[in-house]
Amino acid sequence: MDMQVSFLDRLFEAGLLIETGVDGLYGRSGQFEDVIAAFERLIDRTGGPDGAEAIRFPPGMNRAYFEASGYMKSFPQLAGTIHSFCGCELDHVSLLKCMEDGQDWTKGQEATDIVLTPAACYPLYPTIAKRGAVKAGGQLYDLQSYCFRHEPSKDPARQQLFRMREYVFMGPQDQVMAFRQRWMDRGTEMMRSVGLDVHIDVANDPFFGRAGRLLVNNQRDQNLKFELLIPITSVEKPTACMSFNYHQDQFGLKWGLHFESGEPVHTACVGFGLERIALALFHTHGLDVAEWPDDVRRVLWG
Amino acid sequence: MNEKIRELLAKLGNLPTPVETLADDADLYTAGLSSFASVQLMLGIEDAFDVEFPDHLLNRKSFQSIAAIENTVQQILAARKVA
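Protein chains in written order, with the UniProt record's numbering: chain S, 1 to 302; chain X, 1 to 83.
Please keep in mind that the hints were generated in silico from the structure rather than gathered at the bench.
Heads up, some of the hints might be wrong.
[As the list claims (entries may be wrong)] Here are the simulated distance ranges between beta carbons:
#1 Glu13/S x Ala79/X: 51 to 61 Å
#2 Tyr29/X x His92/S: 30 to 40 Å
#3 Arg186/S x His56/X: 21 to 31 Å
#4 Gly262/S x Lys61/X: 27 to 37 Å
#5 Gly51/S x Gln74/X: 16 to 26 Å
#6 His56/X x Lys130/S: 42 to 52 Å
#7 Lys73/S x Tyr29/X: 51 to 61 Å
#8 Asp249/S x Ala48/X: 22 to 32 Å
Even glycine gets a Cβ: it sits at the ideal position worked out from N, Cα and C.
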């Protein structure tokens, strides 16, 4: 924990991250953003030739899609919903009185149709399902969004609002598996090209509760999730900066994503944790970008 | 016990095939048991037999077939007797 706090303090002192008073919710400096932009250009150069369709959703998604996704079954502790005041003038008076008295004014807030996006690809599946059958050779998408996860922490690599860049492939099983493997190789190569020490390991999602233990074991037994790990605030517990997820035909069945024949598609997504990658770069090469090794600077800025 | 497990599987397993057509050693995942249905089934079994699955038995193998479930529950009950 001390390593995490001290790295966070150094980031604040250097002005790279800006404190807001809430753990895990930070402003970013122009320099921090420039590193993320440079790394995203590296992603573009690597993945661009694949010809993915780029789609950008805002960081909120349709609550009905969120409910259908089953997110609350697995990760209720991480979800963030958007609530608003929907009362009349009289209710407004009570609300202000409540705030003035220092009482809980949020009780009367009502759920809107928007939920904060938990992963960049969540709004994609229902959107593509509405377009009709998936091409026999599969379809590839490029996404990026701020995502929300309710897990306040002093670890700068565990933020509550952060950006995730993703490629999602939906198609026949063998091609989906090949897509995931290709990005595991590419991810490792990309990180090495910017001087980051990485390894890839089997992983699991943070499923909720004791019943979630069964889902964790299932996921690991079947090698459904891998993570690319980089030491940031701990060498023993390195930070996941990319994840490689194979969903089998679960999303195909859930969202009605199918080929012309009616058979469900298999899907996989590959995600880059952009803030985590930037933090890994700052941690490894120092807080002053001008001092970074020349070969790293060349890869990022040409 | 076999009958009770089959009853719970029919109720919670959400399988496309009728449970009575499944042999005791039929693979339930091949028969369409999803991860979430296996969680529901696990909770149902814990409730019905008044047992708690220890961490090392919370895995795919424990729910692979009706016989595997029966075997797992027997193991938990036997361990309880010893304790």
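Going through the hints against the structure:
1. Restraint check, Glu13/S to Ala79/X: a C-beta distance of roughly 55 Å satisfies the suggested window 51 to 61 Å.
2. With their beta carbons about 54 Å apart, Tyr29/X and His92/S fall outside the hinted range of 30 to 40 Å.
3. For Arg186/S and His56/X, the Cβ-Cβ distance of about 37 Å falls outside the hinted range of 21 to 31 Å, so the restraint is violated.
4. Roughly 32 Å separates the CB atoms of Gly262/S and Lys61/X, a value that falls within the hinted 27 to 37 Å.
5. Gly51/S and Gln74/X have their C-beta atoms about 55 Å apart, which leaves the hinted 16 to 26 Å range violated.
6. For His56/X and Lys130/S, the Cβ-Cβ distance of about 44 Å falls inside the hinted range of 42 to 52 Å, so the restraint holds.
7. Here the CB-CB span from Lys73/S to Tyr29/X is close to 19 Å, at odds with the stated 51 to 61 Å.
8. Judged by the Cβ atoms, the range 22 to 32 Å given for Asp249/S and Ala48/X holds: they are separated by roughly 31 Å.
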